[in-house]
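J.: Sequence:
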Amino acid sequence: MESLARASMNVCPFVKSTSTGTMKKLARNSSLISKAQYCPVMGPALKEEISTQTQKRNYSTPSKVNQAQATESFTSSQEPTAAAAAAAAAAAAAVAANNSNAASFNSKEEAYDYNGFVTDQIHEKRKDSSYRFFNNINRLAKEFPIAHRAKEEDKVAVWCSNDYLGMGKNEKVLQAMKDTMDKYGVGAGGTRNIAGHNNSAINLESEIAAHNKKEGALVFSSCFVANDAILSLLGQKMKDLVIFSDELNHASMIVGVKNSKSKKHIFKHNDLNDLEAKLAMYPKSTPKLIAFESVYSMCGSVAPIEKICDLADKYGALTFLDEVHAVGMYGPHGAGVAEHLDFKAHLESGIASPNYKTIIDRIDFITGTLGKSFGTVGGYVAASANMIDWIRSFAPGFIFTTTLPPAIMAGTTTSIRIVRSNIEDRINQQKNVRYVKKAFKDLGIPVIPNPSHIVPLLVGNAADAKKASDLLLENYNIYVQAINFPTVATGEERLRITPSPHHSKQIADQLIESVDKVFTDLSLKRFNDWESQGGHVGVGAKDATKIENLWTDEMLNLTNKDLNPNVLNPVIEQLQTSSGVKLF
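Position in the sequence shown counted from 1, then plus 613, gives you our numbering.
Some hints could be false.
Label pairs and their computed distance ranges (CB to CB) [unchecked claim]:
id, residue 1, residue 2, range
1, 1169, 999, 38 to 46 Å
2, 1161, 750, 46 to 54 Å
3, 966, 788, 56 to 64 Å
4, 1159, 1182, 51 to 59 Å
5, 1130, 999, 53 to 61 Å
6, 1083, 733, 19 to 27 Å
7, 1056, 876, 26 to 34 Å
8, 1117, 966, 16 to 24 Å
9, 755, 828, 49 to 57 Å
Calculated from the structure, these hints are not laboratory results. By construction, the Cβ of each residue, glycine as well, lies at the ideal position given by its N, Cα and C atoms.
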């Protein structure tokens, strides 16, 4: 309190101009309180208090003022000291200076309007047309890609599912889940630290490690959780780590980088020159990590993985690759784009590793999802045994999250085995993608150019994207969700279409015809319109470089008979890593 009294000498005009002796005298005969009644801030507060001096009194600055609270209690039998009086005067002066309309010291001000804050935020989203409506879509396992809406007779064709291969309805996967659920129940019983490990988890993680040709793997409740847990852990544990993140990285990676508390650099999308310039800012001895995706799901672009690995080697960086939208669809066995880039070697070696260091070997961390091409739910990371053991031991996102149900993990293991040995599904999907992209191009429908399976139709504003989605659903029984901010930048809103191997030519033609009508009815810009404006998001760009598909014509002529027989029901060695490595 004495220190507050001293500080008040430089705050309150009254205290500053009054000597210490005078202040003590005023405090002894209560004249200070009398003078305080004329203060515009203290006056109203004291008026009520003076009449009840026999009661305990508490003085505190209102919460709106960023000023240290000053509190003093006294009774009629206790005279206030000079320090107490000075503190009260200082507090009053601070309040007066910072908030001339401050509430009284009785804290009778109103509580924060939480509901008003939330209402305003939602109102803004509605106003800029980025408010999201969730359609009631119930996918029918026996009729994929058909679903029904609220009423079972109201059926629609789904064209935006991330169940890219339709594995969510595969009979062998369903049976594996049913059998496991009958035997072990519907839940895991808790985290692995509490409920223990189980055979379903061991088998799945061993399968994922083998699929990615890594020493170990770890399964999470989702890939969002996996990305956040691993990136944040790396930054928190690895002193002075610098993270280099592609500007179009998924929200899960952005959150992970933020939570890592590491120094970060955002490099331009797929821009190797920008990435290298940023890497070159640090000595090779500085720990670094490059975080990027293989297929960027909203635009369909593909990262230059091999060249990023070259930069990582040159500057001493770890590589963190998110293959979420590539697993199942790329590579002879569906391990992702990193496998696809050494296609022939992996095709010949099958489940074994080629006899040289491939691109997939050069990636330190590969994360992926079980909820898209594998048709179930969950996420994973594949890496060296040592890295997996470290993540298992330290990552809160793994340690404190309930384990996936055994039935989910058993079904996923079955799904991975089917996907690995069925290259024809990947090929048929790519053929359907080519068919739809070409048809849209012929009609002038603006497809954002890319070499992958994503078919993004540029609309350019949120309101029109929502209208187009609604018209397709209500008038043509076609479900394609509108994509807006923050998933994509404002002004780059689009419809995102994802053909599967199960979309027949008949329903593809229905889609193409319906989209063409909707673009006409809503007067949406077509390719020539964007081209006349100089291009936008790659559509109609002048002197644009021709983009080659990842799947070549030669690859599309392969069949399941061209796969190495060792991918058919292989015996996968169970790993110690996720259970804990024993010391011998």
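J.: With reference to the structure, classify each hint as holding or not holding.
T.: Quick rundown of the hints versus the structure:
1. The given range of 38 to 46 Å is respected by residue 1169 and residue 999, whose C-beta atoms sit roughly 39 Å from each other.
2. At about 34 Å, the beta-carbon gap between residue 1161 and residue 750 misses the expected band of 46 to 54 Å.
3. The beta-carbon spacing between residue 966 and residue 788, approximately 31 Å, falls outside the hinted interval of 56 to 64 Å.
4. The supplied range of 51 to 59 Å is broken by residue 1159 and residue 1182, whose beta-carbon atoms lie about 41 Å from each other.
5. Taken as a hint, the range 53 to 61 Å holds for the pair residue 1130 and residue 999, whose Cβ atoms sit roughly 57 Å apart.
6. Our hint of 19 to 27 Å for residue 1083 and residue 733 holds, since their Cβ atoms are close to 26 Å apart.
7. For the hinted restraint 26 to 34 Å between residue 1056 and residue 876, the CB-CB distance of approximately 48 Å leaves it violated.
8. Range check, residue 1117 to residue 966: Cβ separation about 38 Å, and the 16 to 24 Å hint is violated.
9. In this structure the hint that residue 755 and residue 828 lie 49 to 57 Å apart at CB is violated, the actual value being about 40 Å.
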